[in-house]
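Please model the entire structure based on the sequences and the hints provided.
Chains as they are written, first to last, in this note's numbering: chain A, 7 to 124; chain B, 4 to 117.
Hints in this document: simulated from the structure, not taken from any laboratory.
Built from N, CA and C at the ideal position, the CB exists for glycine as well.
Worth double-checking, as some hints may not be accurate.
To be verified - BS3-like mimics (lysine-lysine), calculated; alpha carbons at most 25 angstroms apart, straight line:
no., chain 1, residue 1, chain 2, residue 2
1, B, 104, B, 6
2, A, 47, B, 6
3, B, 104, A, 26
Claimed, not checked - Covered, in the sense of this in silico footprint (three residues per stretch, anywhere, with C-beta under 8 angstroms from a C-beta of chain B), are these stretches of chain A:
no., region
4, 48 to 54
5, 112 to 122
Said to hold, decoys possible - Facing chain A, from chain B, some residues (calculated, C-beta under 7 angstroms):
no., residue
6, 45
7, 46
8, 49
9, 103
So the chains spell out like this:
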Amino acid sequence: GAVVSQHPSWVICKSGTSVKIECRSLDFQATTMFWYRQFPKQSLMLMATSNEGSKATYEQGVEKDKFLINHASLTLSTLTVTSAHPEDSSFYICSAIGGGLLMNTEAFFGQGTRLTVV
Amino acid sequence: DAKTTQPPSMDCAEGRAANLPCNHSTISGNEYVYWYRQIHSQGPQYIIHGLKNNETNEMASLIITEDRKSSTLILPHATLRDTAVYYCIVRVAAGGTSYGKLTFGQGTILTVHP
Chain A
7 GAVVSQHPSW VICKSGTSVK IECRSLDFQA TTMFWYRQFP KQSLMLMATS
57 NEGSKATYEQ GVEKDKFLIN HASLTLSTLT VTSAHPEDSS FYICSAIGGG
107 LLMNTEAFFG QGTRLTVV
Chain B
4 DAKTTQPPSM DCAEGRAANL PCNHSTISGN EYVYWYRQIH SQGPQYIIHG
54 LKNNETNEMA SLIITEDRKS STLILPHATL RDTAVYYCIV RVAAGGTSYG
104 KLTFGQGTIL TVHP
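In structure tokens, the structure reads:
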């Protein structure tokens with residue numbers, strides 16, 4: 007299947023700083039990317055949907071000014087956690103779906119990024 | 004997307020078949036059944052999906068009842084590496100604003116033991 011890569015795999019940052027997480031589709035053009043968050047022993051919760059070249063659509067309860075999403079190209083989306091606090095510590099996962107020959111297929115997931123805010 | 008119901012946990016002996024059930028009684032005619040799994044501390048991995056016919060690939064088989072209100076994922080020869088959380092998700096396959104968006108339930112924790 008298609009490959010989606012996240013970077014970094016894990017990051018530790020100080021409270022109050024910002025952290026950027028990258029999500030790349032390595033072998034296909036991702037028309038849409040999704041960002042999920044997963045707390046320990048819980049399921050994945052969708053945070054936002056981003057389409058290349060347009061503003062992201064955030065799920066209810068997700069602060070768009072805190073979680074900045076940029077989808078500037080068909081192979082890269084970034085999630086920036088601004089002014090991070092310990093409660094933002096979580097496992098962040100992206101997924102991507104493609105166009106063209108990859109239409110009507112499953113979403114492909116990155117390996118996730120473990121964020122710890124101290 | 005239709006809601007799904009799965010048992011919280013299941014055990015399976017290594018080498019035996021693992022049969023994971025899923026109820027989706029409110030599924031609509033244009034909704035597919037998807038299965039993903041998540042191994043600890045990794046992103047979800049696609050397994051299989053289907054509409055109404057049974058499907059098989061190199062990883063698993065998917066059996067969907069005739070009324071489409073339930074399905075079963077079958078791992079024919081479970082290994083220790085199949086220990087993971089298995090998610091059954093129902094969604095529209097293509098088109099519309101929700102395309103690609105997945106709503107995860109709690110899934111089934113499958114533990115394969117020696």
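Going down the list of hints, with the structure as the test:
1. 104(B) / 6(B): The hint holds at about 14 angstroms.
2. 47(A) / 6(B): Since the Cα atoms of residue 47(A) and residue 6(B) sit roughly 20 angstroms apart, the hinted pair holds (cutoff 25 angstroms).
3. 104(B) / 26(A): With Cα atoms ~22 angstroms apart, residue 104(B) and residue 26(A) stay inside 25 angstroms; holds.
4. 48 to 54: holds (count 4)
5. 112 to 122: holds (count 8)
6. 45: holds (6 angstroms)
7. 46: Because about 4 angstroms separates residue 46(B) from the closest Cβ in chain A, which is inside the 7 angstroms limit, the hint holds.
8. 49: holds (4 angstroms)
9. 103: holds (4 angstroms)
Of the numbered hints stated above, none is contradicted by the structure.
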